[in-house]
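Enquirer: Sequences listed follow chains A and B, in order. All letters in the first sequence, in the order written, are residues 1 to 150 by our numbering. All letters in the second sequence, in the order written, are residues 1 to 207 by our numbering.
It is possible that some hints are incorrect.
Stated by the list, open to error - Straight-line Cα separation of at most 35 Å, DSBU-like style, residue types lysine-lysine; simulated pairs:
#  : chain 1 : residue 1 : chain 2 : residue 2
1  : B       : K98       : B       : K59
2  : B       : K11       : A       : K84
3  : A       : K80       : B       : K6
4  : A       : K72       : B       : K93
5  : B       : K6        : B       : K45
6  : A       : K84       : B       : K84
7  : B       : K11       : A       : K80
8  : A       : K101      : B       : K45
9  : A       : K50       : A       : K7
10 : A       : K95       : B       : K45
11 : B       : K113      : A       : K50
12 : B       : K6        : A       : K84
Claimed, not checked - Facing chain A, according to a computed beta carbon distance under 10 Å, are these residues of chain B, among others:
#  : residue
13 : T41
14 : G175
15 : P181
16 : G188
17 : P204
Don't read these hints as lab results, they were simulated from the structure. A virtual CB, placed ideally from N, CA and C, is assigned to each residue, including glycine.
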Amino acid sequence: MKKPTRKLVLAFVAALGLAAALPPSASAQAVKSIRGSDVSAPEAAPGGFKPIPDQAPIQRDYVQQPPLIPHKVEGYEVTKNFNKCMDCHAWSRYKETGATKVSLTHFKDRDGGELSNVSPRRYFCMQCHVPQTDAKPLVGNQFQRAEGLR
Amino acid sequence: MSDNNKTLMQKIRGAGWSAIAILFAAGIVFWGGFNWALEMTNREKFCISCHEMEENVFKEYRNTIHYQNRTGVRATCPDCHVPKEWVPKMIRKIQASKEVYGKVMGTINTPEKFQAERIRLAQNEWRRMKANNSQECRNCHNYEYFDYSVQGRRSNQMHQTGLAAGQTCIDCHKGIAHQLPPIAQDIGADHGGVVPEVMHPQPPKAQ
């Protein structure tokens, strides 16, 4: 290897090493996580959002969307002992309470086998079905309801 | 003639009016003291002086609307669990002597023991409230003054049909201030628990 070439290669390696040694925050300053703060920092205040009072069922935006919860759920107990959601939405209860009955898709085990009652893997309703607050969208967007549902 | 042959009235007359006055005053002091002692056992502070209550039911209750809410109106333990009327109150207080026995024997002195007994204890209280037409609820929530127009869509409809069918508060409002015992719900394998007939009793007019 010629001397000037070797020097050039060495300089390049040194430059790379210097870049790696610098704190990454210098280059990543502009990027901000949705959480808004460092993992070890205290949780940001949720921002006084109010749950929206009871309303009629909310239309879906796409066909696979888990239906949204159109009522308040404050203080609802979902524990090992009792599932408040199922107290109204179960097939044995929905007629009396006037609630929407649980979808038939919830009566399957993980292998797709049919069950005669709701699968325990569907126990935590609010992992998919969420209540609504008066919070505004975090970023502007042009999301449109799926064509078949407009 | 000996004193034994005197009637009671003659004896009292003999003792004089001052004795009657003293007896009367003693009666007031005794009755006042009795009521004061009774009221001392009718305060939340007294209830949670037992760790059975403080560690289990009181902790759960602190997360509910009857403990903390936007206007700060509170219901304390005796507001729901001790009748306000004198005779039912006395009956409940005498029954509560069994709870002293439970305390001494340590029937529910750990959270595990309490959880195991919860299904029995909860049903005792539901039975009591159903028997007196949820009187302790109605001391504050009088349905004759419900304004359905400001109630939510669901409560509006359920209250009107439920009350028309002769149902009482506790028929639906179970586990509002404490966590529920295991309830038999048709999810996965059968785990036992409170049966649907107890959890949602049929309204009297539908039977």
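Enquirer: Indicate, hint by hint, whether the structure satisfies it.
Expert: Hints and how they fare:
Of the supplied pair hints, the one linking B:K98 and B:K59 holds, its CA atoms being roughly 23 Å apart against a limit of 35 Å. Using a Cα cut-off of 35 Å, the hinted pair B:K11 and A:K84 is violated, with the two alpha carbons roughly 70 Å apart. With a CA separation close to 74 Å, the supplied pair A:K80 and B:K6 exceeds the 35 Å bound. Restraint check for A:K72 and B:K93: not satisfied, since their Cα atoms lie roughly 38 Å apart, outside the 35 Å limit.
A hinted pair counts as satisfied when its Cα atoms are at most 35 Å apart, and B:K6 with B:K45 does not qualify at roughly 52 Å. For the suggested pair A:K84 and B:K84, the alpha carbons sit about 31 Å apart, so the restraint of at most 35 Å is met. Annotation: proposed proximity of B:K11 to A:K80 is violated, straight-line Cα distance about 71 Å (limit 35 Å). For the hint pairing A:K101 with B:K45, the CA-to-CA distance comes to about 44 Å; that exceeds 35 Å, so the pair is violated.
A hinted pair counts as satisfied when its Cα atoms are at most 35 Å apart, and A:K50 with A:K7 does not qualify at roughly 65 Å. Distance restraint check for A:K95 and B:K45: the Cα-Cα separation of roughly 44 Å exceeds the 35 Å cut-off, and the hinted pair is therefore not satisfied. A distance of roughly 39 Å separates the Cα atoms of B:K113 and A:K50; the hinted pair therefore is violated under the 35 Å criterion. Restraint check for B:K6 and A:K84: the C-alpha separation of about 73 Å exceeds 35 Å, so the hint is violated.
Taking 10 Å as the C-beta cut-off, the interface hint given for B:T41 is violated, the closest approach to chain A being about 29 Å. A cut of 10 Å between beta carbons decides the hint on B:G175: the least distance to chain A is about 6 Å, and the hint holds. Interface hint at B:P181: satisfied, since its Cβ lies 6 Å from the closest Cβ of chain A, which is below the 10 Å cut-off. Restraint check, B:G188 versus chain A: the minimum CB separation of about 4 Å is within 10 Å; hint holds.
Hint status for B:P204: violated, given a least beta-carbon distance of 15 Å to chain A, over 10 Å.
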